[in-house]
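11 is the number of the first residue of the first sequence in my numbering; add one for each residue after it.
Treat the hints with caution; some may be incorrect.
[As the list claims (entries may be wrong)] DSS-like mimics (lysine-lysine), calculated; alpha carbons at most 30 Å apart, straight line:
#1 Lys-13 to Lys-28
#2 Lys-118 to Lys-60
#3 Lys-41 to Lys-115
#4 Lys-33 to Lys-152
#5 Lys-157 to Lys-60
#6 Lys-121 to Lys-152
#7 Lys-12 to Lys-41
#8 Lys-41 to Lys-121
#9 Lys-115 to Lys-60
#10 Lys-60 to Lys-188
#11 Lys-140 to Lys-121
I should point out that these hints are in silico values taken from the structure, not numbers from a laboratory.
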Amino acid sequence: MKKVSINHFSGDAVDLAKFLLGKLIEYKGHKAMIVETEAYKDDQASHANKITPRSEIMYSTHGHVYVYLIYGMYHCLNFTTNKGERGAVLIRALEPLEGLEEMHKRRKTDKIHNLCSGPGKLCQALNITKEINSTKIHDKLKLYHYKEIPEEDIHATTRIGITKALELPWRFYIKKNKFISKS
DNA sequence: TACTGGATTCACT
DNA sequence: GTGAATCCAGTAA
């Protein structure tokens, strides 16, 4: 399998969000395909809106892993992008491929579609924690080309920005994929 | 130093 | 459909 080049992470977050669909994540012996993503850049509701020690990585790097804790209980996996500008792509759902037994154990469920169908769920299933925050892609978490997703199979949704009349962020998912999140 | 609230999930009704 | 769990980054003082 061919590694995804870091060069892909120097462009716009929206482009990257779309590009990442169908790519394969390998981490700690687990393999899973990305089926749902969300792009963040100028949205007031996102960490990308302001430079802080936590979000600094989104300004200063591209092609890095950005993991943070939400609601005190769940981790969210992001990739930084947009060289020279703020931006990140949140991974919202995965299709599990290998390492399912451990995923079931961690998630405490026997339903396969409940393993990685949400940002918090997939981090729990793959044991992704802040331990890999700010590491480079391919350093600990690896990313490979896996499946080409035709344009017509990609669904894009928008959300109106909180204070700006911008349609941000852009959420992308693979149509008819049973592993996408419900929300 | 203290307070506030969130890029979520799950149990319960 | 609603609310609780839970903790730390960000902010104000």
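Against the structure, the hints:
Distance check on the hinted pair: Lys-13 and Lys-28 sit about 17 Å apart at the alpha-carbon level, within 30 Å; holds. Taking the CA atoms of Lys-118 and Lys-60, the gap is near 36 Å; set against the 30 Å cutoff, the hint is violated. Straight-line distance between C-alpha atoms of Lys-41 and Lys-115 comes to about 16 Å, which keeps the hinted pair within the 30 Å bound. Restraint check for Lys-33 and Lys-152: satisfied, since their Cα atoms lie roughly 10 Å apart, inside the 30 Å limit.
A threshold of 30 Å between alpha carbons decides the hint, and for Lys-157 with Lys-60 the separation of about 35 Å lies outside it, so the pair is violated. The suggested pairing of Lys-121 with Lys-152 holds, with an alpha-carbon distance near 26 Å, which does not exceed 30 Å. With a C-alpha separation of about 14 Å, the suggested pair Lys-12 and Lys-41 falls inside the 30 Å cut-off, and the hint holds. Restraint check: the Cα-Cα separation between Lys-41 and Lys-121 comes to about 17 Å, which is no more than 30 Å; the hinted pair holds.
Between the alpha carbons of Lys-115 and Lys-60 the distance comes to roughly 37 Å, so the proposed pair goes past 30 Å and is violated. Restraint check for Lys-60 and Lys-188: the C-alpha separation of about 35 Å exceeds 30 Å, so the hint is violated. Distance restraint check for Lys-140 and Lys-121: the Cα-Cα separation of roughly 26 Å lies within the 30 Å cut-off, and the hinted pair is therefore satisfied.
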